[in-house]
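**Student:** Here is how the chains run, residue by residue.
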Amino acid sequence: MYETNFHKASTAQDAAALLAKSDDGKILAGGQTLIPTMKQRLAAPSDLIDLSQVSALRGITITKRKKMGIMKAEGGETITIGAMTTHSEVAGDAELVKVCPVICQLAGNIGDPAVRHRGTIGGSVANNDPAADYPAALLALGATIHTNAREIAAADYFKGMFATALTDDEIITAVSFQAPAVAGYGKFPNPASRYAMAGVFVAKSVEGDVRVAVTGAGDNGVYRHAGLEAALSADWSAASVEAVEVSADGLMSDLHGNAAYRANLIKVMTKRALA
Amino acid sequence: MKIAMTVNGKSVSRDVTDNTLLVEYIRDHLRLTGTHVGCDTSQCGACVVHVDGQAMKSCTMLAASAEGAAITTVEGLAKSKDDLHPMQVAFKENHGLQCGFCTPGMIMTATDMVTRYQSQGKELTEDAIRHELEGNICRCTGYHNIVKSIADGASKMTTV
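Going line by line, the protein sequences match chains A and B.
Just so you know, our numbering puts 168 at position 168 of the first sequence, and the rest follows in order with no gaps.
Just so you know, our numbering puts 50 at position 50 of the second sequence, and the rest follows in order with no gaps.
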């Protein structure tokens, strides 16, 4: 690992100030991607600003939906997850599992137990790995990404492989979304890395909007699948997926599987997400 | 920079460079060489230690990030040479190791999973043990006996 200057931030504003002052600094969240990348000398930030002591960025809050007449569907609670909340905290949150079990299930299958104890939702979302799980969830749930400067809709946030709408000195503070009426996540993990070879997050909001987001398969990161959305809007069932044409165009081909294989996986994972 | 933490119940402090990994701090500066470095790519789990009671890969975190934390390494489990931790006894009795290189990480991962399952009142089935071992690699491929050891060790551990 190249030399770097380590700083421990006490607040998000403090971190932003340290980041702005640094030559080529980076925010250190859980470090489960950044530290390995630095060890391989693929990244060499001049400064690391560690957020692990910023307790205000940690934790999950759930706000109940106001009752307006007869509730027609489940869901609708507003869920806010602090950026430094670890995957194991999301996976094991007793209140969250009651209102949005799919997000707990997703977090509990990221990496391995040691990685989940350290890795954070903010770090994952900031990195936007094309095979990470959270980007698919946030895009399908129509989430909002909160930073120290503004709020960004997930639809405007993910800009392709490892690219996001974040500016150089911007820090994610939290993500929030409305608990869906119904949702599911199907993931085919690469057996070595546990990243998704294809992961499909399906969600129907309380208002009835259907979104289907695919991770791990697209050659430019997470994306929404219009064909699957149309089919599931008409009929929310695994059977309706059968007739959908999932094209291999624009999908990734690598030593783990070619584009046609991934196209098939998308379909299978969508069905599993609906099971 | 000066980094202080508690390792196996003892307060320690060392002057290290900012880019020192926690595993380097433990092995090279404290000379606690029970914690191993197997892959250097965050995949093998030989370097797993407990940081404030949770299993983490000490090769994938900076010593500076662990400032003030309470660390337990494999050396911190046994009360003495003759009074091993139940999980260590279980690995010995069930032949849970061949070359032994991955064992420190296996044992630290095992004690973490047992503590978690017991505190949540969940049953640690064989299937669960195999899933929980996802981040630990044994290149002697001795997984069957490792799984047996953990089940045995779990039955002798009372954490709650």
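To be clear, the hints were calculated from the coordinates, so they are not data collected in a lab.
Mixed in with the good hints there might be a few duds.
Footprint (simulated), chain A over chain B, 3 or more residues, beta carbon under 8 Å [stated by the list, open to error]:
(1) 10-19
(2) 23-37
(3) 46-56
(4) 73-84
(5) 107-113
(6) 140-154
Every residue, glycine too, gets a C-beta built ideally from N, C-alpha and C.
**Student:** Confirm or reject each hint.
**Tutor:** Comparing the hints with the structure gives:
1. 10-19: Answer holds; 3 residues pass the 8 Å Cβ test.
2. 23-37: Contact hint for the segment 23-37 of chain B vs chain A: violated, 0 residues under 8 Å.
3. 46-56: holds (count 5)
4. 73-84: violated (count 0)
5. 107-113: holds (count 3)
6. 140-154: Our answer is that it is violated, as 0 residues pass the Cβ test (under 8 Å) against chain A, missing three.
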